[in-house]
Amino acid sequence: MKTLALYAKVFGIGLQDTFVYRWNFVLRCGFTLVPLLGTVFVWRSVCEANGRVGDYSYSSMVFYFLAVLLVESLASPTEDEWRIAAEIREGQISALLTKPLDYLLYRFTLFASYRLLYTLLTLPLVACVLYGFREHVRWPEHALTWALFALSVAGSALIQFFVAFSLAMLAFWILEVSTLIFILYSFEYFLSGHVFPLDLLSPTLSAFVAWTPFPYELFFPIQILLERLSPEKLAEGFCIQFAWVFLSGMTAATLWKRGVRRYQAAGA
Amino acid sequence: MLRYLRIYAILLRNSLIREMSFKANFLLWSLVEILWFAGQIFFIEVLFSRVERIGDWSKWEVLALIGTHQVIGQIFQAFFYMNLTQIPELVRTGKLDTLLTLPIDAQFTVSTKQFGLDNLLNTLSGVCFVTYALHRLHITPSPGSLAVYALCILLGVSVHYSVMFGLSTLCFWIKRSQGLVHAYFSLFNLGRYPDSVFQGAFRFVFSWLVPVIVVSNVPVRFLTQPLREPLSLLPLFCQLCAASAGIFVLVRLLWKRALARYSSASS
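Top line first, the protein sequences correspond to chains V and H. For the first sequence, position 90 (counting from the first letter as 1) is numbered 230 according to this note's numbering, and the numbering increases by one without interruption. For the second sequence, position 42 (counting from the first letter as 1) is numbered 489 according to this note's numbering, and the numbering increases by one without interruption.
If you are wondering where the hints come from, they were derived from the structure by calculation, not from laboratory data. Just so you know, even glycine gets a beta-carbon here, dropped at the ideal spot from N, CA and C. One or more hints might be untrue.
Here are the simulated distance ranges between beta carbons [what the hints assert, rightly or not]:
| no. | chain 1 | residue 1 | chain 2 | residue 2 | range |
| --- | --- | --- | --- | --- | --- |
| 1 | H | P590 | V | V160 | 55 to 65 Å |
| 2 | H | V696 | V | V400 | 50 to 60 Å |
| 3 | V | P343 | H | R704 | 54 to 64 Å |
| 4 | H | A692 | V | G272 | 30 to 40 Å |
| 5 | H | A692 | V | A283 | 54 to 64 Å |
| 6 | V | E230 | H | R704 | 26 to 36 Å |
| 7 | H | K703 | V | P280 | 51 to 61 Å |
| 8 | V | F273 | H | K470 | 44 to 54 Å |
| 9 | H | F632 | V | G194 | 20 to 30 Å |
| 10 | V | L284 | H | T578 | 26 to 36 Å |
| 11 | V | L144 | H | F469 | 37 to 47 Å |
A few chain V positions that, by computed beta-carbon distances, are all more than 12 Å from chain H [claimed, not checked]:
| no. | residue |
| --- | --- |
| 12 | I153 |
| 13 | L291 |
| 14 | S342 |
For reference, chain H alone in the conformation it holds in the complex (with noise of 0.2 Å):
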């Protein structure tokens, strides 16, 4: 475990010095994650200038929501989209050949390579726009409940990282990886909307097998609804710990199969 840490942290450092030799890149991409996030603000803002409500959700709630799942995707951004995108290519080239040689786990050494600075920075403006919507909506969470809260996101994050791997992994199978990433962003839309819109099949799925659903609504829950009886909640938090592990495991084997099967390319 240290030595899988202190791995991390020289990556960590040589990923942060190439970043830096790429300004206007870094500002290039702050400026996308920017404008995508305000496009949603934008669609909820012309949403609630005709509806008073979504669900049993409020404006400031349901921004809340956006709010927080932007938080949770630019996490995962950070530390590991960039390398799941890529496993494919390793894939289709051979490359990942050198990395299957290493003397650590290779989910880790695909998954850890590099990550963003500037998702880091669009974490922030997420982090800010929670905490002006809690202000509109005059609640001033508790320590115990943004503990709640935080956890719910790394929660949240592998769930993230859970789905984008296990879709990577399918490269093994497929070649291509552009229907991968579009595939990604369609799951992880949902999970702007509040829950209570989704119903029957669809939300069991999404709920349980991909929980994409619960992801950003949990955390939000554990916020906006005061602790009142902090034990209501406490099914939906057992839900997210359940859905986390169980996909995290489901991927996991996933790779293994992958692995398995994977028989190097050109030479």
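Isolated chain V (complex conformation) (with noise of 0.2 Å):
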């Protein structure tokens, strides 16, 4: 019970941080847009003139990519990885490691607070835009995809999380990530099905991307969404997700583990 209440605390702590700097914060959900717009313009002009591409209508093209932003909003890290490795760097875990916290659950903790602020703020933003583009939004059918939905944005949370996390437990061997975080980055942004559907892919690329966690974080949700999936994909594609929350979530644990038992606490 204590426990819960710490980690509550916690909580609350990474709401209010978020809201002492909600200008980044409103700066960021607006610049969101402008990409989302411009991508709009290309895929209209594209279908405008080839009819179809692939198995994509102009609006289903537009409803694929305002559920990109919406799975995003819910389940993609925006500053943690940068954050704790500035504390790993700067010694500041050592606060922390006195304190009867465990570090994993209090990043998670924060990350958990931040995405559902980001979440209810951009709510009306969202619930905008979705208006705007009305036209094209196709609800589903079922309700049960509202639920393995809600399951598979859970996953990608996860997987994000725990891969932000494992890259930033490296600056505990190196002092600059930054370099690190951004070629995984480069894979994840063409890879996770943000810049296009991934089933555009040629059948033998789109197979191989299958077995990596990058569709998983991003176009495996909003596939469900759409609901165009079977149910052997559907069951295929919760097995590898799942596999790869409890590989990223391994692979967090250990390097933090590890980690700590160098770690000197520099310039402190």
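Now that you have both chains on their own, put them together as the hints suggest.
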């Protein structure tokens, strides 16, 4: 019970921290819309000239990218890896090590509170966007889809958090982790379905990508929401997603354990 | 002016020495940039495996556009990007105070401290790519159009500079900086697409007020549309000049205002 109260407090701190820098927050939300509109323009022009692209009409393409916006606001970490890495580099985790906190859980609580606040605050914005594009929005027909979607988004959030956390852990061994973060980002950006739906890839390539963790961060939940998966594909997808949640979680925990053993509190 | 050039030469030299003492980091950053560039080309490959054209642009024209976008972005990043992203940190910690007391223009000081050699190297990858795209399009640009292209690139770099400098200046009001970098990349990603796909108010705003669309589109048109009627491209060129000058003046004014309200940090 006491533990729960402790992490509830951490959750509250996370909320406050976000509010302190509210303008940074507003800026970030606002500028997420610019590329979205840009993308919509590009696909409109492409679809007008060519009719359908792969399995997508203009409408379904627009809805696809609206779903990208939705899933990213629910599940993508924004600054977590940078802050964790900075805490290690600058020796601030010393203060946390002496407290009765599990660092991984502490960080996860902060991540969850930030995501919750972000989603709540961007909800009006997302609602406006959805309303603006209402003719393209096609909500799922089955209620079960929503439950599966929620489950897959939770899986996506876990994978992304664990990956971000593991990357930040490398700061125990090397001083400059930003290059590694950006290298992983570049794969994530193009192979998660952020730029284009992954089923536009050639069959061989898309079968290969399906084994990497990236589609399960974005493309898989979206496919569920768009009701494009057969029951077999759905089951297969969830299996691979859970495997990646497990693997990335283990990696995060192991790296933390090893890292702390090496830690020398530089600068403190 | 001469004095500023001399100071700049010293800064460049120092920065080069610094850069060469972190060789592994230099290689890793180059790798990061090459991966992002390759990713964009990959996207265009995927797109054109399904369609013939985007707007009135063919595949290799779009690839020349992406290459040009890379060239402009990398030149900007080589000379200014690092410095501009550090402005919020200078403001937050109060380190800006020291720079303000120097007997040179403060905008110059905060914009020019260091430069990225890896970005300069990546500019070359962009140039090679544009050259290859032109080869595939069977275009041999005349010296004239090459000169205009180069001039447009410089104007483009100045637009990138102004936008990022303007965004960084906002940190005097909003303090945390991560959102600013995000905003910069969001805006300039628009420049990778052919201008003809954009319409209405969106096109107006990003062609005139925050001219990120014209930045790479105008120079590419000078290369790919042979100068049969050179005058037809003149309005575009004028637009690029006007827009880049306009936004430069605007952010300079914003910077002056920001400094006037700056009250240092900590102490």
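Hint-by-hint comparison with the structure:
The hinted range of 55 to 65 Å is satisfied by P590/H and V160/V, whose Cβ atoms lie roughly 56 Å apart. The hinted window of 50 to 60 Å between V696/H and V400/V holds, with their beta carbons roughly 53 Å apart. At roughly 57 Å, the beta carbons of P343/V and R704/H sit within the given window of 54 to 64 Å. Hint check: A692/H to G272/V, Cβ distance near 34 Å, so the stated range 30 to 40 Å holds.
Restraint check, A692/H to A283/V: a C-beta distance of roughly 57 Å satisfies the suggested window 54 to 64 Å. Roughly 33 Å separates the CB atoms of E230/V and R704/H, a value that falls within the hinted 26 to 36 Å. Distance hint check: the CB atoms of K703/H and P280/V are about 53 Å apart, consistent with the given range 51 to 61 Å. Look at F273/V against K470/H: about 49 Å separates their beta carbons, and that is inside 44 to 54 Å.
Roughly 27 Å separates the CB atoms of F632/H and G194/V, a value that falls within the hinted 20 to 30 Å. As the Cβ distance of L284/V to T578/H is approximately 54 Å, the hint placing it in 26 to 36 Å is violated. Checked against the given bound of 37 to 47 Å, the beta carbons of L144/V and F469/H, roughly 46 Å apart, stay inside it. With 12 Å as the threshold on Cβ separation, the claim that I153/V sits away from chain H holds: the shortest Cβ distance comes to roughly 16 Å.
The claim that L291/V is not at the interface with chain H holds, since no C-beta of that chain comes within 12 Å of its own (minimum 29 Å). Distance check for S342/V against chain H: the nearest CB is about 7 Å away, which does not clear 12 Å, and the non-interface claim fails.
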